[in-house]
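Peer 1: With the hints as your guide, set chain B onto chain A.
Listed below, chain by chain, are the residues.
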Amino acid sequence: MSPRARVALLALAALILLPGAASVIAGLPPFGATIARYGERINAITPEARHVANMVSAINFDLRGLDTLGEEFMLLAAITGTVILLRGRRGEGKTGRAMRRPGRAVIPRSEAVVLACRIAGPLTALFGLYVVLHATVTPGGGFQGGVILASGTLLIYLGEGYVGWRDAVRSPWLDALEGGGALLFALCGLAPMLTGAAFMQNVLPLGTFRDPFSGGLMLVENLGVAMAVAGGFTQLFLEFMEETREADEPDEPGEESA
Amino acid sequence: MTAFPAVLLPLPVAIPLVVCAAMLATAHLLPGRVPDILATLAALGVAILSAFIAAHAADGPLVYWFGGWEPRDGVHLGIGFSVDEASGWVAAFIGLLYALTFVFAWGFFGRTHGHFQILMLLFLAAMVGFCFTRDMFNLFVWFEVMSVAAFALTAYHLEESALSGAINFTVINSLAGFLMLGGIGLIYAQTGTLDFEGIAAAVARGGRDPVVAGAFCLVAAALMIKGAIVPFQFWLADAHAVAPSPVSVIFSGSMVSLGLFGLAKVSAVVFAGSDQVQHGLPVLLTALGSFTALLGGWMALLQRHLKRMLAFSTISHAGIMLTGIGALSADGTGGMLVYVVGHGLVKGALFMVAGILLATRASIDEIALRGLGLGIGPAGIAMAIAGLLLCGLPIGVLDQGTRGVQGALAQQGHGIALAAGAIGAALTGAAVLRAAGRIFLGLGPDSGDEAGAPSEDEREKANRPLWLMLAPCCALLVLDVGLPAHLIEHALPRAASAFMHRPAVDTVAEGPGWLPWMSVLAALAGAAYGLLRDRLPAFVVRSVGATQSAPTRALEALHSGLIGDYAAWLAVGVAIIVAMLALA
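Chains as they are written, first to last, in the numbering used here: chain A, 1 to 258; chain B, 1 to 584.
This is chain A alone, in the form it adopts within the complex (with noise of 0.2 Å):
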């Protein structure tokens, strides 16, 4: 089609679809007026009922903890096909150690930068922890510590080079982190079963309202979380550097086009 054909098509299409928008857009609710039944009556009872002050924390983990459950699991199919498509290019053999940058010479760090980065890794990590374990009291968790956690990674590729970071950050250590993370996730679901209970209903000593170990099973399930989203992360990182550098020696034959 050509473009002007294309644009005719969805002017043609925009002539129904408008008014129909209207009509929805104008039968809505009126913008902030209620919170709805469901929300309302969530908002009532989580808070003695799992000793929570985070709400969303505890939707999130318990009330429809499936639906994390499987959007963890995305985020898992997601940076395992980033991974198959990227690595499938360069072929699987050369995953363990840092590939050459072609035609560029690798400057030296300054001492500032390096030290800097020595002293903020370190913090950035500890704060990562901090929000992960905050996860019932405060806003964050599990998948925002994780992401906090993985850039401290990043920091040792600043401070210490590629080839440092590298040596330090190993893609089957990633995979394991990646995938005990999810594991630990989905056992929480299970787990839970054995004692007779339903899947991943909270079976663990609530705590106390307000203090960091409240909440009991999302506690763990955080952990899980963040787990897995510092190994993916780390991992998706890793495999997008590997994207802008090649192999010393000419390339081993790939998978056969399979």
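Simulated from the structure, these hints should not be mistaken for lab results.
Hints may be right or wrong, so weigh each one.
What the hints assert, rightly or not - Derived CB-CB ranges, DEER-like: (1) A:Pro19 / B:Ser560: 28 to 36 Å; (2) B:Leu468 / A:Arg109: 53 to 61 Å; (3) B:Leu483 / A:Glu48: 36 to 44 Å; (4) A:Ala5 / B:Asp275: 34 to 42 Å; (5) A:Pro102 / B:Leu555: 45 to 53 Å.
Small disclaimer: the values here were computed from a predicted structure and weren't measured.
Backbone N, C-alpha and C fix where the C-beta goes; we use that ideal spot for every residue, glycine too.
Peer 2: Relative to the frame of chain A, chain B by itself:
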């Protein structure tokens, strides 16, 4: 807590998730074939568990509340699974299809540290979750997990065509995700709940409401995109043709029909109380379905790229399934559910034959393969049988589904949809039989015309023994033909009514007995014409030479591979649904 079998409901979803997470965690330690074995066992486990659940759901749907959040004071707090007999059997079928696909793909993906199996197991878990859930947002989550796993699996070959096919697939199906999420937002804003039953009750109370209609429109469009209904079908041929064969088996065998399964469930359960939706549905679904059946069949006949031909055939059959839903009766929906299983079995077997040709003959082009199938006769027999079953040979599960759909359409007086379905099936059967005759018998003109041939050297890993690839293919066909008809006949009326949340009916109407035979005859005639054209008198050939006609060329030009075109058609499709609902 709940009764014994209901306790098992989370397991068919949780088992593949646990296995795939464990596989990823130990990716570098697992030797050679372990991922294959683990994945096959996990899929078998899902199949057996789902079958067990389905058998127990015969007395009434099993309900499970995650986290123990059972409804309180009429408010559905947590996420629920609700499995009726039909949903359970569909999940069992999906598990079995995966198990056989893993056998077919044995050793296909070496040296990837089980990444292929990880994605496939996620795909499986998402499909089962999609079948079992009774929560709108949870439905969306599994819908998206399915998509994300599928995108990467499509691009697995990493050739230019594979990447462009995967990008079309990604963009269009992500749009589907947006539409669905928008629809769920609307229905949640209006009804204040996400549970199927809760929404259904609120919708029934609400009367004619533009927000409910808008929500249905968006959700239905998303599911029709997954189900490849015209004009949402464009992505399918691009994606199915380039995906590795084991992935195509899953795509055509279960992913596409699951979109329609979801549509059937949503329209029968969630929006059952909206008169506007229920009045609009029959015309909308039978019209779109008929058109899809014809267009898919016609396009299939025009292809020489085998997997593309099978992909268009899947579009055609998706259209037939949609007309079954459009009958809005227990007969039609029941027939459609049986059709999902039967079509999955036959189409899975056909994609496996295509995979065998790719692996042993290193080509997927019908013309280039002419006569090359002589050494692998059993594959040819499987292809011929599958082709005959596809166009309606009156034996087996697919035929039972066909008769259910046709019976419902005949009863409701949807004559055009009835005819369109029969013609669509005949066209796809003709295409498959023609290809089988050309490849395995060496029939047909040797045109030497290379225009339109697949441009890249396509091949798949050839180091697998032929019997290993043939065994799962034959198992699928044997299942389709050998499954005792009276079992399905006995369970169907009850299962279909439970699926639609309606009081049980006694019997299911069946379509005219001669119609499937007509389809078979037409398919044989079409295939024979394609193969023996050069021996016919010139005037016959000239008058029928439709493959060179202007409408045909226009149709091919529409499948341009350009995402912009596809998105424009998508908007048109949504507009069609809006218009039909407004008129209802």
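Peer 1: The structure should be examined with respect to each hint, and the outcome stated for every one.
Peer 2: Verification of the supplied hints:
no. : hint                            : in the structure
1   : A:Pro19 / B:Ser560: 28 to 36 Å  : 30 Å, holds
2   : B:Leu468 / A:Arg109: 53 to 61 Å : 54 Å, holds
3   : B:Leu483 / A:Glu48: 36 to 44 Å  : 52 Å, violated
4   : A:Ala5 / B:Asp275: 34 to 42 Å   : 38 Å, holds
5   : A:Pro102 / B:Leu555: 45 to 53 Å : 47 Å, holds
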